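Go by the hints and put chain B onto chain A.
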Amino acid sequence: MYNEALRLEDIHLSYRGLVGTSISKPRPLGFFESGIQPGEQELISGANLVVQKGETICIGGGSGQGKSALLRLISGLARPNAGKMYIFGEYIPPERLTALNIAKRQVGLVFQNGALISNLRVRDNIALPLRYHKVGTAVEIEDKVRMAMDLMRVRDYADFFPHMLSVGMQKRVAIARSWAMSPQLLLMDEPTAGLDNYNRRNLLPLIDNMRTLFKTTIIIVTHDLMVAKELNCKITFLTHKQLTELRYFDEWLHSDTAISKELFRDLRTSG
Amino acid sequence: MEEQTNDKKLTLVGRKFHALGLFLLRRPVGQEVALFIRAFMSLFNKSRSFKTDSRNIILQTFFTGVEIFPILFVVATLFGTVVIIEVITMMGKMGFGDVVGGLMVVVIIRELGPILTAFLIAGRSGSSLTTYIGGMVINSEVDALATMGVDPVRYLVMPGLIGGAIATFIMNIVFSTSAICAGFVMTKTAIAITGNAFNIQLTWDYLSTEILNAMSFTDFIFIIVKPIVFGCIITTNACYQAMNIPRDIRQVPKATGRSVIKSFFYIVCADVFLSLFYFIDYFNEISKII
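Chains as they are written, first to last, in our numbering: chain A, 92 to 362; chain B, 689 to 978.
To be clear, the hints were calculated from the coordinates, so they are not data collected in a lab. As the structure is a prediction and not an experimental result, all values here were calculated from the model. Built from N, CA and C at the ideal position, the CB exists for glycine as well. Don't take each hint at face value.
Derived Cβ-Cβ restraints for the label pairs, each shown as a range [as the list claims (entries may be wrong)]: (1) Leu211/A <-> Trp892/B: 45 to 55 Å; (2) Val960/B <-> Asn210/A: 36 to 46 Å; (3) Phe967/B <-> Thr228/A: 49 to 59 Å; (4) Ile881/B <-> Asp250/A: 54 to 64 Å; (5) Leu297/A <-> Gly945/B: 43 to 53 Å; (6) Gln197/A <-> Phe705/B: 36 to 46 Å; (7) Asp250/A <-> Val754/B: 23 to 33 Å; (8) Asp341/A <-> Ala707/B: 53 to 63 Å; (9) Phe705/B <-> Arg196/A: 26 to 36 Å; (10) Gly702/B <-> Asp341/A: 54 to 64 Å; (11) Arg938/B <-> Val226/A: 31 to 41 Å; (12) Asn94/A <-> Ile746/B: 42 to 52 Å.
Pairs of lysine-lysine residues, derived as BS3-like cross-links and limited to a Cα-Cα distance of at most 27 Å, are as follows [what the hints assert, rightly or not]: (13) Lys697/B <-> Lys175/A; (14) Lys734/B <-> Lys235/A; (15) Lys739/B <-> Lys235/A; (16) Lys325/A <-> Lys144/A.
Bound conformation, chain A alone (with noise of 0.2 Å):
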């Protein structure tokens, strides 16, 4: 249980909890009226997961199986009907299970699009949650920032505001500005859909450094499986409003499951 980053038991999930952002409502609205409701439909029922400390794993499945719905779900930005959720071996109780509350607990979240604020400079982009929490001095979080724009390569475009960067650009900067805050558990959704095979290339060995150097537990979810070749991670898939066991890419690759063979028929025919 020590070792555990992240444990989901039998998480339910419906539309409902999908819908629009619950930080206007209070909280206690979304606490007494969870619950699953007769004849509505789930997106997610009776998932379960368990991630270690420092792991790095691999979501996958097909579009619309509510691979990014998961990962709301983790960060807190949709509630789930039933279940449990421990993060760091700590149980979240449902009334706690706010985007602000897991924060906390050092889990950072990576948007598909970036989500970056559209009226900061890439720089400010990155120190706002510096400032926020008053993480230091004026000069650490300056200092950090240099690091966190070292790491991933955006030093150059500094002073530039997120509508002048490509996608791809926007990307780093959002994994920066997450990393900028030093989270224990980081979750991607789709860190390299859109990107073209040069930005791609580069972006792995940077979310590999992330892993080895500053041991983060990393959650992705991709289409992408060759992603979880490259990074040479576990995989596990959303499908039939489940979660798979975890496995090696090759495990996948050579093992004779109905999802291999739908997945991984490609790969397989080419080599």
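What follows is chain B alone, placed relative to chain A:
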């Protein structure tokens, strides 16, 4: 499931109280009040920093206040001119020359000044606040803020709320002042242009003494209270409507419309509610009036 277990723990009174609380929190008005309280309380939480907060609030005050000044000044001047001309000609004809000051105070300072200011600010700053935060919600920037541990209520709503209240207060004073002063100048100009159109001797001494005599202590209090209440209503409502947008771009214009219209509605309701204070005075002395 949870509700049942909670129900069992509570006594009858507790259950009723809990049901009442949930009933209020399910209404939009209850949620807006909750949002207002959270935004105001977030001013004092542990991530406060005087420098950043004051900069954000001043920026918001400038955005809400200064940029609306030209249009507000023109509206106030024309409105003041019309009121002064109407009041003086009508009252003069009917022989009520001595209530001119009282009417000016009631119409401009007490009632329509704050309301028109609030309407202008709701139409401009309230709607732009809704669009701004709504756009952030659509781009999941608000979600990103929350996952970084930055409270969106504190980062987005609080500066808008405080800045909006301050700006509405300042703009209300500007409105009343320019309605009376610039309105007076405009009236004099109109008299000068049309020759002998008004058969009265309208001087600044006369007008200002009348108005100052008619002002009571409660008027001075309400000059402060009313615009601050209206400013809080406008910004809270605008932020509430924006925060509740589902992630669908077509909901932003709808929310903006709702923000403006509901602000108008709540402002008029709040105005009637605040005016009850005067009404109670009148009702006590109703035998003297009739």
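Each hint tested on the structure:
no.	hint	in the structure
1	Leu211/A <-> Trp892/B: 45 to 55 Å	holds, 50 Å
2	Val960/B <-> Asn210/A: 36 to 46 Å	holds, 38 Å
3	Phe967/B <-> Thr228/A: 49 to 59 Å	holds, 57 Å
4	Ile881/B <-> Asp250/A: 54 to 64 Å	holds, 56 Å
5	Leu297/A <-> Gly945/B: 43 to 53 Å	holds, 45 Å
6	Gln197/A <-> Phe705/B: 36 to 46 Å	holds, 37 Å
7	Asp250/A <-> Val754/B: 23 to 33 Å	holds, 27 Å
8	Asp341/A <-> Ala707/B: 53 to 63 Å	holds, 58 Å
9	Phe705/B <-> Arg196/A: 26 to 36 Å	holds, 33 Å
10	Gly702/B <-> Asp341/A: 54 to 64 Å	holds, 59 Å
11	Arg938/B <-> Val226/A: 31 to 41 Å	holds, 39 Å
12	Asn94/A <-> Ile746/B: 42 to 52 Å	holds, 49 Å
13	Lys697/B <-> Lys175/A	holds, 22 Å
14	Lys734/B <-> Lys235/A	holds, 22 Å
15	Lys739/B <-> Lys235/A	holds, 21 Å
16	Lys325/A <-> Lys144/A	holds, 14 Å
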